[in-house]
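Residue numbers (numbering that gives the first Met the number 0), protein chains in the order written: chain Z, 0 to 221; chain U, 0 to 53; chain W, 0 to 254.
Hints listed in this document are in silico derivations from the structure and should not be mistaken for laboratory results. Quantities reported herein were computed from a predicted structural model and do not represent experimental measurements. A hint or two may mislead.
[Said to hold, decoys possible] Cross-link-like lysine to aspartate or glutamate pairs, in silico, DMTMM-like; alpha carbons within 25 Å at most: (1) W:235 with U:30; (2) Z:16 with Z:5; (3) W:235 with U:42; (4) W:118 with W:128; (5) W:118 with W:180; (6) W:235 with W:154; (7) Z:16 with Z:71; (8) W:235 with W:247; (9) W:176 with W:128; (10) W:235 with W:153; (11) Z:16 with Z:80; (12) W:176 with Z:71; (13) W:235 with U:39; (14) W:176 with U:30; (15) Z:16 with Z:75.
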Amino acid sequence: MRALWELVRRDIVIAWKEGGTLGVALGFYLVVVVLLPLALGPDLNLIARIAPAVLWVAFLLSALLSLGRLFEADFEDGSLDVLATGSLPLEAVVAGKAVAHWLTTALPLIALAPVLGLLLNLRPDAYGVLVATMLAGTPAVSFLGAIGAALTVRTRRGGLLIGLLLLPLFVPTLIFGIEAIGAALSDADSFAASFLLLLAVSLAAMVLAPPAAAGALRFQLQ
Amino acid sequence: MELGPHAVYIWSAYGVVVVTLAALIGWLVADGRRQQRLIEEIEARGLGGTRSRR
Amino acid sequence: MLVMQSLTQRLANPSNFMALSARLLPWCWVVAAGLIGSGLYLAFFGSPPDYQQGQTVKIMYIHVPAAWLSMLIYTLIALSSFGLLVFRHPLADVSAKAAAPLGATFTFLALATGSLWGKPMWGTFWVWDPRLTSVLILLFLYLGLIALRSSIEDEALAAKLTAVLSLVGIAILPVIKFSVEWNSLHQPASVMRLGAPTIHASLLWPLFVMALGMTVLFTALQLKAMRNEILRRRVKALRRIAATSAADLSQQPAE
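Pulled out of the complex, with its shape left as it was, chain Z reads as follows (with noise of 0.2 Å):
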């Protein structure tokens, strides 16, 4: 437990020097936040419908731009390999990698959503629905993600092969986060349906992702 604590304190403490994976997230996140209502025009009702949806999609591109480098540079420095032949088990050393994701990346897109949410002109009572629906759901964008990364870790370019690769995989977390907030704003019984099927998602993928990328992984390192 101490080592698996180690290593996501380190990718924390890396990411927090580097900043500029994360730097480019939330810039890509504004950007295609802002891109949509120039786009639709000055409708602010139809806006603010949509704006949940906006907001959960932008964040899944967002967090896709990180996701690309999550095992790159420890591939590439030979880190991955003593890593995988250390003390702590290949799953552990991508779940360390993924809960270092959320806490670096998500968190903070997270953090931005309703910020951007203003620009949106979102319901004054989806703002606390929305936050909740990504804290519950975007653990499996991380833990999903790792798998996308482990696959496309050598493909230089591999930026557009991993979305490809991890959109079909993140539908349900998207769907299910969409339907919590409409029915939370709508009034409908099945806010709690969804949430809970949001966070089984997100539970399912912290347990079976790290296998499925880890083996992915000691492939790629014989």
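Fit chains U and W to the given chain Z structure using the hints.
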């Protein structure tokens, strides 16, 4: 054959299927012939050739 | 189960597979042609127009088999991937590699015929019907497999990584289908559902025959594609041998 007012959709659907499957079969057959030809070429040229050069 | 095991064991040798498939293939083509031919005859001359949809229900006879095949082929790829990673079956990767473009093709056909069926019914080519939507996502899964494989030069590594991807895909596919259904259940606007909920018996027979015929056709295509892939690998191996023996030759002193 009375196919009703939407006949064009029925024909288009069947047409897409026929054309696509025909193209698929054609590609598979052509690819198979090409690989077979390559094998015969290499076997005739490469391995036999080194021996005859002695 | 044991029969399957011994069958796959006997077919593990590529030469055995080539011999067996050479004998099977002509029969597959013939049976497929026969089944599809009689299916088409039944569809056009043996079945009445649907009460609600008129003659456009005849598109069902190609749409439903294509959709069913798109699912079956992905399952085949997942099974092949399992065979590769767990049993290291020599032909597992050949099967998976051959099936991916075939699966993508049938998925495309399901989408094309589905939207051509939807236009006369709903007035527009695409309505995000849950079934069609999950078929569309399935197409992305296929394209992902093909793209991943082509991005890796080392054939053995590509085999293993696409195997991992296809197993991840088959695991998440039920979740995706469920979430898409969930989505349509909770939308405020009612989304019409494609497909005849009550299929009259006279419509069932042509459908069954067409589905069977298309499946046999796929079997023929798969066998052919696997044979092509085995030949392709043979070409690569021969080229490597020819190159190394030429290199040896160039090492010898001039006579």
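Verification of the hints:
1. W:235 with U:30: Satisfied, since the Cα-Cα distance of roughly 15 Å is no more than 25 Å.
2. Z:16 with Z:5: Cα-Cα ~16 Å, so holds.
3. W:235 with U:42: Answer holds: residue 235 of chain W to residue 42 of chain U is near 12 Å, not above 25 Å.
4. W:118 with W:128: Holds. Residue 118 of chain W to residue 128 of chain W sits at ~12 Å (cutoff 25 Å).
5. W:118 with W:180: Measuring from Cα to Cα gives roughly 21 Å; hence the hint holds.
6. W:235 with W:154: Within the cut-off at roughly 11 Å; holds.
7. Z:16 with Z:71: holds (17 Å)
8. W:235 with W:247: holds (18 Å)
9. W:176 with W:128: Given pair residue 176 of chain W, residue 128 of chain W holds - Cα atoms ~12 Å apart, limit 25 Å.
10. W:235 with W:153: holds (13 Å)
11. Z:16 with Z:80: Since the Cα atoms of residue 16 of chain Z and residue 80 of chain Z sit roughly 23 Å apart, the hinted pair holds (cutoff 25 Å).
12. W:176 with Z:71: violated (32 Å)
13. W:235 with U:39: It holds: about 13 Å lies between the C-alpha atoms, which stays within 25 Å.
14. W:176 with U:30: It is violated: about 35 Å lies between the C-alpha atoms, which goes past 25 Å.
15. Z:16 with Z:75: The hint holds at about 19 Å.
Figure legend: structure checked against the earlier numbered hints; hints not met, in rising order: 12 and 14.
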